[in-house]
Structure formats: structure tokens, C-alpha cells
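Novice: The primary structure of each chain is shown beneath.
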Amino acid sequence: MTILKNRLFWPAVILLALLVVNMFTSNQFITVRDGHLFGTLPDILRGAAPLLLVALGMTLVIATGGIDLSVGSVMAISGAVACLLISHLGDQSAIGSVLLIVAVAIGASLLLGLWNGTLVAGVGIQPIIATLILMVAGRGVAQLITDGQIINVQSSPYAAMATGHFLALPIAFLIAVAAIVLVTLLTRRTALGMLLESVGGSPTASRLAGIRAKRITVMVYVVCGGFAGLAGLIYSANIKSADSISAGNLIELDAILAVVIGGTALVGGRFSIAGTVIGAVLIQTLGVTVVAVGVPSKATLLFKAVIVVALCLSQSATFRQKVFGRFRPSRPAVAAEVPA
Amino acid sequence: MTTVDMTPATNKTTPTNPRRRVYRPNTKYIPILATLTLLLVMYFTGVANYDNFGQPSVVVNLFRDNAVLLVVAVGMTFVIITGGIDLSVGAVISMTTTLTATLLHAGWPPLVVLPLVLLLGSLLGMGMGAVIHFFKVEPFIATLAGLFLARGIALFINQNSIPIRDKFWKTLSEYRIVLADGVVTKVTSVTAVVVVLLAALVLAWTRFGRNVYAVGGNADSALLMGLPVGRTKIAVYTLSGFCAALGGVLFSINSTSGWALQGQGLELDAIAACVIGGVLLTGGSGYVFGSLLGVLVYGLIQTIITFQGDLNAAWTRIIIGLLLFGFIVLQRVVTRKAR
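Going down the list, the sequences are from chains X and A. Under the UniProt record's numbering, read the first sequence as residues 1 to 340, first letter to last. Under the UniProt record's numbering, read the second sequence as residues 1 to 339, first letter to last.
If we strip away everything but chain X, and leave its shape as in the complex, we get (with noise of 0.2 Å):
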């Protein structure tokens, strides 16, 4: 019965029963080739691995009871400074140079979080206008960047961060859990996750309690826009190139969506990250089986659509209790609390 109560319990149902489609359609569902792992649960995860870093930094946000709907744009500048700057390399393959400029490139990133945070916490501007303000004009600065060309690199230790392979493992994948891992450890096992669920729930009785509300929020806005900043550089990596139109685009929406089928609730005051996880998995798995069992690709997005609405449902619990509670004794509605 607790289980089932659990607001994970249908989103972890639903990414089951996909993965467990793929294996059916697809040939290869996971084998081993040339000491590295293949197939479709592989692709899925270094797919998904633009989307996790983004979710993820988007979590945090919205703990605090914010948003960030710059988080493509920032994408699309990471990509741009990055592929730009390798573009003038002498070397491409330079391990050393490469690395510098992903430095660089996530250092960018982080300023304009940093822009974004100062815009909400100092300027006290609502966060979905705020970082409205940046996904319009970034996108901007990034064709201006790239000067409105797509701009091709053949860097190799560059393409590797999307396409490698590190102990079997892509490293798209293996840079994700890692983010995964150290935002956990920094959010469960410090008091950092108790501070960020305090300014969310409220940043005035947070500052009355002596916690720097605002610092926080600068920060998970700053740590929020380097996360973008990666998931761009992947992005990027990938495609070998810097795009400025279609880098990230849409994938603030995504990524929100991801936050919330994990259980995270728009308004602030909790997060759960094992939840954001599960939902960007999800949304990947989603695209990825909507092709393998063949579905027309003019249906994909109508496809999308049901499973977000009946996922949405599916979290509401006054439409739980409205549909489903007449089959059972009434009993108080008590809020599902969400483990860590």
C-alpha cells in the first residue's frame, strides 16, 4: 500500500514498462562490442545525459521555488564559445587546450547563472520573467557568437565527451552520474538540501532563521546555468558542431517536465533528485520507444502528449482521490512524503 502511494511509484512504472517494450523491438537491447557497451539501454542513457544535467541544475531552481527557462540558450552560448574556440586551435586534438576551453566554456555558463541568479535574488524579479530575459537574448548572443554559421570542429578528445567510452561506459553518461552524485552527496549529506527546501517554502521566515536565502538563490542559479552549460557542451560534442538555433531548444520544457514527474512540486519547498532522474530517463525512453515500436513519426508528438497528461494526472492527488477513492474507505488525504 505504501508503495503504491509513493509519488514515484507510477513514473518508475511507466519507465519500466518502456524499457521493457525496448527489449522486445529493439535487436539490440544491450550487448557488449569491442570492450564498450551497445545497444538501445546504453544509447538511452548518453541520450539522456543533456537532459539529466539540465534537470538536475532545473531541481535545484525549483526547490527554492523558482525556474529557469534560460537553461537552452545557455546550452546554445556554452556550445558556441566552446566550438568557437577549438575552431581557432592550432591542434584540435590538444587534450590540454580542449579541456581549458570546456573550462572556459562552463566558466561562461556559470556568469550568465550567476546574471540570472542576481536578476532574481538582488533585483527581486520573478524567476520565470527573469531567465525569460536570457532565453530571449541568449539565443542571440549565441548566433552573434557563431556569427549566425554552424561552426564544425574535428576535435577528438572534444567529441569524446558525447560519444566515448570510459570502463565500458559512455562518458556522457558517466558525466552525469557523477553531477547526480555530487549534487546527492552535497544535498543529502550536508545541511545544503534542508537549506534550499527552507528558502523554497520561505525565503523571509529562511532569512528570519539566520539562513542567507539570497545566497542560496544566487547559487542554485549559478550552479543551474553551469549544469546547462555541460549538457550544451555534450550537445555540441555530439553533433561535432555549435548550433545556435536548435541547441537545447525546447529543452527548459523538458527538463521542467522531468522535475516535476520526479515529484517536485512547482511551488518550492521540496525536491527529490532519485525523482528528477527517473523522469529524465523517462522523457529519453519515451522518444527513443516512440520510434522503436513504430510509431509515425506525425504521432510522436500526440504520443508524448497522452503520457505527459496521464502522467500529470496520475501525480495530482485530488484527482487520485476524485477517480480512484471511491473504491476505498475515505481517509484523511496526508501529502505522500518523498524519500531522498
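Bear in mind the hints are in silico, worked out from the structure with no lab data behind them. Worth double-checking, as some hints may not be accurate.
To spell it out: a stretch of chain X is covered by chain A in this simulated footprint if at least three of its residues, at any positions, have a beta carbon under 8 Å from a beta carbon of chain A; those stretches are [claimed, not checked]:
1. 212 to 222
2. 252 to 263
3. 304 to 314
Subject to a maximum C-alpha distance of 20 Å in a straight line, what follows is the list of computed SDA-like cross-link-like pairs (lysine to any residue) [to be verified]:
4. Lys322/X to Arg332/A
5. Lys214/X to Arg332/A
6. Lys298/X to Leu313/X
7. Lys298/X to Arg332/A
8. Lys298/X to Thr318/X
By construction, the Cβ of each residue, glycine as well, lies at the ideal position given by its N, Cα and C atoms.
Take the given structure of chain X and dock chain A to it, following the hints.
Specialist: Below, chain A without anything else, positioned relative to chain X:
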């Protein structure tokens, strides 16, 4: 001592009261007045810098080019004043244009197609409103699902651009209304202006309009006052869905075609226009005319960029972003002072 102290105190309070009454409405209108001032400054800068900018057709064309955004922003204004948000409008536009073009292509009479698509948009809005109200799903998520659904339907119907060859639609598209010598406008811009006027009347003078403000100010208080909170919430999303569908019809008239990728990102343009026009996203405050000004600012930026000629699309986005930033900071300063 005490008597001496008390008399000037009472004397002081009496003259300040009427003064406050004179100034209070001004604070309320400051965001709109600021937008209006900036709009005028931009316009006259344009007149001073570019030839032919001062011609009346420039202003008239603003309404023609932004008719769709205007209609959508009107619906969005109602939703935002109740403290909600509607992300589905762009997708509803694409669904409407695709459906209109497909049905007209199949030979349906235009006078059946027109009410049908408007009804469909309203129904989708009503559905989202119902989900938001009855199931307590957050507006952001419910309308995001609506976005996927509407664009999913549009893509399912047809992925390609469909031309409209219907006579009625062509006539509407080609019909020119002569306002003055050399100043002509289209049916679409007149429709948009009528929608703005009607919406302004409804919001300012009807019981429904007052309810919208009350729900946005504080939904719990509104409920305790006995106002129909649920009905109002569902009604604003229905209205927004209707406006989006009407926007889609205007789009299909303007372009005499339907395309499933039409109107992408329009929801954020509409939200931005509302915010520029002084509609607060927290709800409870804002005017339809504010959103009108916001749309005009948006349109004028694009007109100036067209007249300038050598600015590329990248700069358009950056300038829109900067202006948005300027407005929001200004608004923030104003609302802080008002408190």
C-alpha cells in the same frame, strides 16, 4: 504640551488625505504610463532617424503585423491577472491553422469551419482550466501538457504547410479597408482592435472582470467572499483558448495557409508583451490596454530593426531582451515605491 502636540498632528493629517487620493491612481498607472512614454520616445526616435517613418501607414501596419500577437496577448492578460499562465497558445494557433486549412481543403463550408475551430480552441482551454481547478495541477504544467497535445494534434493532421484556396478566406485576406488617403488596413487588424476594446470593457466593467481581479489578488479571500473562483478560473483559460484559436484564424487569413510549426514560441512573446505592459505575473493587477502597449512596443522594435536594415536577427533578440530587462527593472522599482 500634549494639547499643543495634538493640534498640529490632526491639522497635518487632514490635508494629506485628499493629496493621497489624488496621487494613488497615478501609482497604479505608472507602469502603463512608463510603457506609453517609452513607446512614444521610440516612435519619435524612429521618425527623426528614418525617412518615411512618420507616415501613418507605419502605425497602421503595426496593428496588421501584430494582429495575432495582440489577440493572444489579450487572452493571456486575463489568465495572468488570475495569477495563472497559459503556455499552450502558440500550439493552439498551430492546431487551428492546420485544422482550418485541412477542413477548407476538404471542401467544408467556411462558415462551419470558422465557429468549429473557435469552439475547439475554447474547449481545449476549458479542459485545461478544469484540470487546473479540479485536480489542482499547476497552470504551468497543465498548459504545458496542453501545448504538447495541441501541437501533437497539429502535427498528426499534417506536417507540411497546407495552402488555403477557399474563396471566403481569400476574400478576407485580400480585402482592404481604406482608413484615409493611402492608408489601408486589413480585416485582421480591425478584428484585433475590436477584440482589445471588447476585452477592456469586459475586464473593467463587468462582474466577470472584477472576479478575475479578485481571484488574482487572493483566491482564498475571493472564495470566502463567495465569488465563483472555480468558474472564473475555468472561464479565463477558456477565453485564452478562444483568443488563441481566433489568433490562429487570423494567422491563416494573413498567410492563407496552415502549418503545424506556426506560432512556435509565441506564448513567451505574449507573456513578455503582457509584462512590458505592466501586467504583474503574481496576478491581481494589469490592464488590457497595458498589454496592447506591450504588443506595440514589441512590434515597434521590429519595425525599427526593419527600417535600420543592417541589424540581423541575432541583434533583434538581444535588443528585445534588453528592453524587457529595462522594463522589468523599472516595474520592480515602481512597485517597490508603491508599497
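Novice: State for each hint whether it applies.
Specialist: How the hints compare with the structure:
1. Check result for the region 212 to 222 of chain X against chain A: violated, 0 residues qualifying (beta carbon to beta carbon below 8 Å, three or more required).
2. Under a criterion of three residues with beta carbons nearer than 8 Å to beta carbons of chain A, the stated coverage of the region 252 to 263 of chain X is upheld, 4 such residues being counted.
3. Counting residues of the region 304 to 314 of chain X whose CB falls under 8 Å from any CB of chain A gives 7; the rule of at least 3 is met.
4. Note on Lys322/X and Arg332/A: the hinted pairing is violated, with a Cα-Cα distance of about 41 Å set against a maximum of 20 Å.
5. Between the alpha carbons of Lys214/X and Arg332/A the distance comes to roughly 17 Å, so the proposed pair stays at or under 20 Å and holds.
6. For the hint pairing Lys298/X with Leu313/X, the CA-to-CA distance comes to about 25 Å; that exceeds 20 Å, so the pair is violated.
7. Proximity of Lys298/X to Arg332/A is assessed by CA-CA distance (about 44 Å); at most 20 Å being required, the pair is judged violated.
8. Proximity of Lys298/X to Thr318/X is assessed by CA-CA distance (about 33 Å); at most 20 Å being required, the pair is judged violated.
Hint violations for this structure: numbers 1, 4, 6, 7, 8, all remaining hints satisfied.
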